[in-house]
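Colleague: What follows is each chain in one-letter form.
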Amino acid sequence: GAVVSQHPSWVICKSGTSVKIECRSLDFQATTMFWYRQFPKQSLMLMATSNEGSKATYEQGVEKDKFLINHASLTLSTLTVTSAHPEDSSFYICSARVSGFGNQPQHFGDGTRLSIL
Amino acid sequence: LAKTTQPISMDSYEGQEVNITCSHNNIATNDYITWYQQFPSQGPRFIIQGYKTKVTNEVASLFIPADRKSSTLSLPRVSLSDTAVYYCLRDSSASKIIFGSGTRLSIRP
Numbered sequence: 001g002a003v004v005s006q007h008p009s010w011v012i013c014k015s016g017t018s019v020k021i022e023c024r025s026l027d028f029q030a031t032t033m034f035w036y037r038q039f040p041k042q043s044l045m046l047m048a049t050s051n052e053g054s055k056a057t058y059e060q061g062v063e064k065d066k067f068l069i070n071h072a073s074l075t076l077s078t079l080t081v082t083s084a085h086p087e088d089s090s091f092y093i094c095s096a097r098v099s100g101f102g103n104q105p106q107h108f109g110d111g112t113r114l115s116i117l
Numbered sequence: 118l119a120k121t122t123q124p125i126s127m128d129s130y131e132g133q134e135v136n137i138t139c140s141h142n143n144i145a146t147n148d149y150i151t152w153y154q155q156f157p158s159q160g161p162r163f164i165i166q167g168y169k170t171k172v173t174n175e176v177a178s179l180f181i182p183a184d185r186k187s188s189t190l191s192l193p194r195v196s197l198s199d200t201a202v203y204y205c206l207r208d209s210s211a212s213k214i215i216f217g218s219g220t221r222l223s224i225r226p
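Chains as they are written, first to last, in my numbering: chain P, 1 to 117; chain S, 118 to 226.
Treat each hint with caution, since some may be false.
[As the list claims (entries may be wrong)] DSS-like cross-link-like pairs, simulated, lysine-lysine; straight-line CA separation at most 30 Å:
no., chain 1, residue 1, chain 2, residue 2
1, S, LYS186, S, LYS213
2, P, LYS14, P, LYS41
3, S, LYS186, P, LYS14
4, P, LYS66, S, LYS213
5, P, LYS64, S, LYS213
6, P, LYS20, S, LYS186
It should be emphasised that the hints constitute simulated quantities derived from the structure, not laboratory data.
One chain only, chain S, in its complex shape (with noise of 0.2 Å):
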């Protein structure tokens, strides 16, 4: 299954930068990486997406090494609606997205 590791769990305060790591040794030549954000009761939204190097949009940042075997989402200034789970996937248009656990970050004031 295309699942992914990521820390179960973060804690951070408020205008502090947050990085989480996610690990995906076997990623294939046509999978991108993808992360969502859920807040309770909602649906997963979609953060940011690459294949390889970086990727920064109004939200956040993807580091992506040369192996892709992990990456990094980064969330500059982090603030207490940040408060949520994210999802680090495998992702490729051919194929069905499994989601592994996430990691639950805590914004605290």
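This is chain P alone, in the form it adopts within the complex (with noise of 0.2 Å):
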């Protein structure tokens, strides 16, 4: 139990282009998830918290009209990269927790390669 499913897994396009990457928990509800993004030999930042049914809180640094976060149901939050360029190319990985009593530990996707040409 508890997956979590992103789409595309890999994606090259041009620059100026948008680009939006889908993250589903498929057996859970989550109303809030997380995205991050991790350069190639560091550690995952987070960017930004999706809740569901409201605005996404962004960490320091992040442009939220840069990175158009949605969370419409309790299964989808998606990420939009919008007007991408070659320093937006990174591998974006997004996280849910299920819902409930206790602590309940996170579940990733599988990542998200961006490359921007």
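Assembling the complex is the task here: the two chains are given apart, and the hints tell you how they should meet.
Modeller: Following this line, the structure appears as structure tokens:
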């Protein structure tokens, strides 16, 4: 159980293109999802917390107009990288926590490799 | 920030037991300790979680002393496929989690 699915797993596009990444919790509901970015040989960096039915909370230094997050249902959050440029190339990972009592660990998707040419 | 401190890297050999320590001196009452494993180009995979004392599952054991300021992940009889980065995290359902640098574990034949 507790499977998080990301799509696409890999995308290459031209500079200036907007790219949408989907994150789905397949067998549980998640009121909160998280988006991370990871550069080669580095740790995961939290970008934003996605809240179902409300605005996302962005970490300091993350441009909210650049990285649009929508969490329209309890099983789906999307991250749109608008007008992507080569410096946005990275590995984007989402996670979700099972809503319920007690401390539930976060479960992560398998990531999306974004390459901007 | 709720970061933890771990060794940057460790090396071991197949069949050995590997213990990775983690320091979390400022752990909060509501925090659990959660360990994740990450392979290249994949998302982190949940290994084990605990609050105090000892927790064991089919892949690892987690030891947390009474003061909860540190923890140790124990991997019994490692194999080459255990080569990965291991992250120790302070985790509370009420808050976001912040990743530290992790421990890059290399297993040799």
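Colleague: Each hint should be assessed against the structure and marked as holding or not.
Modeller: We went through each hint and held it up to the structure:
1. LYS186/S with LYS213/S: Distance of about 20 Å is within 30 Å: holds.
2. LYS14/P with LYS41/P: holds (25 Å)
3. LYS186/S with LYS14/P: Cα-Cα ~48 Å, so violated.
4. LYS66/P with LYS213/S: Distance ~21 Å between LYS66/P and LYS213/S Cα, so the pair holds.
5. LYS64/P with LYS213/S: holds (18 Å)
6. LYS20/P with LYS186/S: violated (41 Å)
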